[in-house]
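Enquirer: Listed below, chain by chain, are the residues.
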Amino acid sequence: MIRVDNLSVSYGAVKALRNVSLQASPGLITAVLGANGAGKTTLLRAISGLVTPQSGNILLGEKSLLRMPTENICRLGLAHVPEGRGVIAELTVEDNLRLGALASKVNLAEGLETQYAQFPALADRRKKYCATLSGGERQMLAMARALIAQPKVLLLDEPSLGLAPLVTSELMKLILQLCESENLTVILVEQNAKSALRIAHNAVVLHLGAVVASGDAKTVADDEDLRRYYLGLVE
Amino acid sequence: MHNIFGGLAQGVIYSLVALSLVIIWQSTHVLNFAQGAMAMLATYIGMTQIDRGIGYWWCLVISVVVGMVFGGVTERVLIRPLYGKPEINPIVVMVGFLGVIEAVATAIWTSTTRNIAAPFSQVFFQSHGNLVYLSPFIIFQVILAVVIMLLVAALFRFTKLGLQLRASALAPEVARLLGVRVNRMLTIGWILSAGVGAIAAVILASGSFGLFPTDMDGVFVAGFIAAAVGGLESPIGAIAGGLLIGLAEQFILAYWSPNVAPLGGIIILVVALMIRPQGIFTRTVGRRV
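Heads up: the sequence lines are chains H and E, in that order. Counting from 0, one number per residue, gives the positions in the first sequence under numbering that gives the first Met the number 0. Counting from 0, one number per residue, gives the positions in the second sequence under numbering that gives the first Met the number 0.
Read the hints as simulated data drawn from the structure, not as lab findings. Hints may contain errors.
[Unchecked claim] Here are some chain E residues pointing at chain H (derived, C-beta under 7 Å): (1) Leu169; (2) Ala170; (3) Leu176; (4) Gly178; (5) Arg180.
None of the values given here were measured: they were computed from a predicted structure. Quick reminder that beta carbons are idealized off the backbone N, C-alpha and C, glycines included.
Start from the sequences, fold in the hints, and give me the full structure.
Expert: Put into structure tokens, the structure is as follows:
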């Protein structure tokens with residue numbers, strides 16, 4: 000379970016997050032939605048320790064993640080797939096996966112086998128350099144790399160970015176399936192509100208760094224004003 | 000004949016410097032322009048221990064260890080504060096540091112050349128009464144360089160540490176997210192690189208001309224060119240580049256003039272840049288997404 004309490008983050012004079020609070024529970028997908036610049040990516044970066052908040056708290060279970068180095072937060076079972084996926088193009092598919100397994104106590108051979116079974120396209124390309132992968136394949140690799148460490152918490156930053164609608168749809172189904180089967184706590188940041196709300200259990204909408212709506216996904220999705228002003232779901 | 004073995008011997012020294020640059024590039028994406036001077040200082044410290052009666056091998060070990068410590072401390076103190084700032088900064092700092100190190104070495108040990116008595120004979124072999132210009136020491140040098148190259152290549156290709164080093168240089172933020180202790184990896188990169196560089200200076204000091212505080216400058220330039228020509232990603236390239244430049248210099252020395260010998264390296268560099276600028280042994284590098 001992840002709890003964010005009154006989190007404020009500034010980049011210099013710019014307030015990226017203002018008193019943001021949210022809660023994400025195991026086995027549930029919490030979608031974080033909003034326009035560009037709303038602070039969604041900053042929120043994830045604060046949770047995984049890449050950015051230091053000015054005030055507020057972040058709790059993983061009972062443990063506060065504030066001031067903990069990113070490397071250690073990862074070892075607590077938190078996996079963050081960053082914006083743009085962060086696939087290391089100069090390494091092979093298998094090297095990227097090996098890297099994902101390094102910090103965990105997972106048996107590498109078993110981990111690789113599991114991920115290759117889940118993502119056969121990656122198995123076919125295991126020795127290839129990642130520069131040759133398509134967008135969808137990179138997304139699969141980024142997911143596999145995060146999952147190989149058997150995390151308890153999964154932070155996903157715009158996984159649908161640059162992907163065709165069909166691929167996005169498959170990806171969302173996969174995220175939901177994994178969330179339920181592994182009992183993961185998933186925080187899903189998306190600009191593609193429609194896709195995200197289809198699989199999310201809870202939703203939080205950010206606007207200019209502040210929370211303007213939160214609750215269960217259906218309520219948030221059905222709210223007329225929200226749809227019009229923040230989610231762009233007007234017909 | 001003289002040219003070939005002489006060129007190989009000199010080339011090995013360049014190769015080791017090039018190897019140290021490959022290590023530091025693969026681990027940190029920063030190039031240590033003071034590498035030559037640092038190696039020289041470490042070797043001087045090792046050499047002066049000989050006065051206390053230690054043997055050649057201990058001198059080598061001490062030089063390498065001092066070099067490694069020097070590398071690690073330099074990273075922590077001089078380079079660590081520079082991360083996240085313009086990439087030219089570490090280069091400028093290291094070039095300045097180079098001057099400081101040479102001045103310090105000159106002040107402590109005066110400007111006379113020192114050399115170490117090598118454990119392998121430096122007397123050239125003879126074949127049918129003619130000098131073959133190859134000595135046991137040259138054979139030792141070449142074997143040493145090849146062994147180190149194989150170790151470095153194995154480190155980066157097969158080990159967990161090598162993977163973490165590469166990730167720390169290629170994508171430090173992503174590496175952090177995956178639990179890699181990036182700062183530690185960067186320090187380790189500097190330590191390993193400085194260790195290999197120190198070996199180059201020890202070999203130079205073992206030669207007939209010995210070591211002088213500014214000797215490693217020219218060696219560093221040649222080693223740098225070797226790494227650029229061979230490809231900063233490739234340990235094999237470093238060795239090949241180093242030997243090539245050593246040979247080129249020897250031929251120019253023999254057939255043109257000793258003063259123009261360093262030109263050998265420059266000529267190789269220009270030709271390499273014209274034909275294959277990414278380095279002879281580099282795989283085509285992918286774009287980062």
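Enquirer: All hints, please: hold or fail.
Expert: We went through each hint and held it up to the structure:
A least Cβ separation of about 5 Å between E:Leu169 and chain H falls short of the 7 Å threshold, and the interface hint therefore holds. Restraint check, E:Ala170 versus chain H: the minimum CB separation of about 5 Å is within 7 Å; hint holds. Hint on E:Leu176 holds. Least Cβ distance to chain H is approximately 5 Å, under the 7 Å limit. Given the 7 Å rule on beta carbons, the hint for E:Gly178 holds: about 3 Å separates it from the nearest Cβ of chain H.
Evaluation of the E:Arg180 hint against chain H yields a held restraint, the C-beta minimum of about 5 Å falling below 7 Å.
In the structure shown, no violation is registered for any of the earlier numbered hints.
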